[in-house]
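*Asks:* Sequence:
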Amino acid sequence: MTAAFGFSGSGTLRSDAFAIWRAGVDAVDSARLVREVVRADGRNVELCGHRIDLSGSGRICVVGGGKAGAGMARGLEEALGPELVSEKLSGWLNVPADCVASQRSIHLHAGRPAGVNEPTDAGVAGSERMLELVGGLTPDDLCVVLLSGGASALLPAPAAGISLADKQAVTRLLARAGADIRELNCVRKHLSRIKGGRLAQACRAETLVGLIISDIVGDPLDIIGSGPTVPDPSSDADALAVLRKYDPGLGQTPPAVIEHLERRSDAPPNRPAGPQVFNYVIGNNRVALEASAAEAQRRGYEVVGVDENVEGVAADVGRELARRCRELSGAARREPRPPGVNGYKQCILSGGEPVVRLTKTERPQKGGRNQELALAAVVECWSAGMAGICLLSGGTDGEDGPTDAAGAVADDAIIRDAKQRGLEPAAYLADHNSYAFFEQVGGLLKTGPTHTNVMDVRVGLVNGHWLMVDG
857 MTAAFGFSGS GTLRSDAFAI WRAGVDAVDS ARLVREVVRA DGRNVELCGH
907 RIDLSGSGRI CVVGGGKAGA GMARGLEEAL GPELVSEKLS GWLNVPADCV
957 ASQRSIHLHA GRPAGVNEPT DAGVAGSERM LELVGGLTPD DLCVVLLSGG
1007 ASALLPAPAA GISLADKQAV TRLLARAGAD IRELNCVRKH LSRIKGGRLA
1057 QACRAETLVG LIISDIVGDP LDIIGSGPTV PDPSSDADAL AVLRKYDPGL
1107 GQTPPAVIEH LERRSDAPPN RPAGPQVFNY VIGNNRVALE ASAAEAQRRG
1157 YEVVGVDENV EGVAADVGRE LARRCRELSG AARREPRPPG VNGYKQCILS
1207 GGEPVVRLTK TERPQKGGRN QELALAAVVE CWSAGMAGIC LLSGGTDGED
1257 GPTDAAGAVA DDAIIRDAKQ RGLEPAAYLA DHNSYAFFEQ VGGLLKTGPT
1307 HTNVMDVRVG LVNGHWLMVD G
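In our numbering, each residue's number is its place in the sequence shown (first place is 1) plus 856.
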């Protein structure tokens, strides 16, 4: 994985920030995470300690999807070994188009274009194929579901009476209004034939094992990928309440969706019957943050804060992180300066997934939550500058909104360049047009697909100086 910035250089705060961020991403490499929890011994398979005997006629069927799907499929085939892969394994995963790669026995299907995180006809076709596969299994077979962030958009199977266009309209409505992922996925589950435990319900194997890479705060199994293998604790009335929250008069919600939810609003929560289901979270944001912290320390930084599960509004998070970095940079050290040492290096890390609440405008709007967060940091530090400070925010999946960037970096070079060009970052922030700003000043973080997804990792670095004399 490489990064494209406006400039690079060993020893700079910017290159350190990227290396610390990348260490977090590398720690949740999806192929490695799967290899670590899958063992094969002859015809015996062990997944997260769960042992299954496949010495008879039973086969392994793999279904699922997400941005980490290609890596997870590769890791599973490597862990099972060539004999089981050729004799026992088959499967189908929906992944973004730029993640499609050749596998021996697991078919990777382009469920949506790159950078377009919403349901498509291709995703519907792939989801229909998965429902057919699991419905054709026997009790002797093993069903393995590989699930990662992005699966909700990649696994669309609209409920009867709901069109794909209806689902697309609802997804866009809630996303633009700033609904969080729990709210969005609550609605998605109740408009689907595969989400909310319905994939498991359709499965005819006796055992289903889900291997899950979490992209949601707290790792809620019923929300990750909209919970295709987990009974849904929410109701249609809950989904309707979410829509009323963001569309009070329901004037923007497709009529078929309203009718569907109102008709079923008195129904009890979905409690699907089906196989024995064992779900395991094998990677999450904490794993990435711990690895980033270790890399920061290896590079000589004192890690003064690791904030997990950060939500809220992206611009607010960016301003607050910038303020914290400025406070660290401007504070005089109270203890004696170590002999021969003039400076100190500190690092703040945070993870999670804030949201962007878009406003209506006729002007261009392009960006993502990480770019918006970094732009808010630029605005916060615009007058005072960012000397000795660097802030990087990036999605661990390599995607940030409908763009080809994973995020962006904010530092003093960005501010100097923007001032020389006569740019007004506050105006770009007001329009939610962060990509255009960072594209001009070389601050976009571009990595391409990382084949994993555990929300975002933010790195704030401070290179300060002691103000006290020795002793």
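Simulated from the structure, these hints should not be mistaken for lab results. Glycine included, C-beta positions come from ideal geometry on N, C-alpha and C. One or more of the hints may lead you astray.
As the list claims (entries may be wrong) - Derived DEER-like restraints, expressed as beta-carbon distance ranges:
hint: 1; residue 1: 1076; residue 2: 895; range: 23 to 31 angstroms
hint: 2; residue 1: 898; residue 2: 1156; range: 29 to 37 angstroms
hint: 3; residue 1: 1028; residue 2: 1076; range: 22 to 30 angstroms
What the hints assert, rightly or not - Simulated crosslink set (BS3-like; lysine-lysine; CA at most 30 angstroms straight-line):
hint: 4; residue 1: 1101; residue 2: 944
hint: 5; residue 1: 1101; residue 2: 1201
hint: 6; residue 1: 1222; residue 2: 1101
hint: 7; residue 1: 1302; residue 2: 1275
hint: 8; residue 1: 1275; residue 2: 1222
*Asks:* Please write out, lowest number first, the hints stated earlier that are contradicted by the structure.
*Replies:* 2, 4, 5
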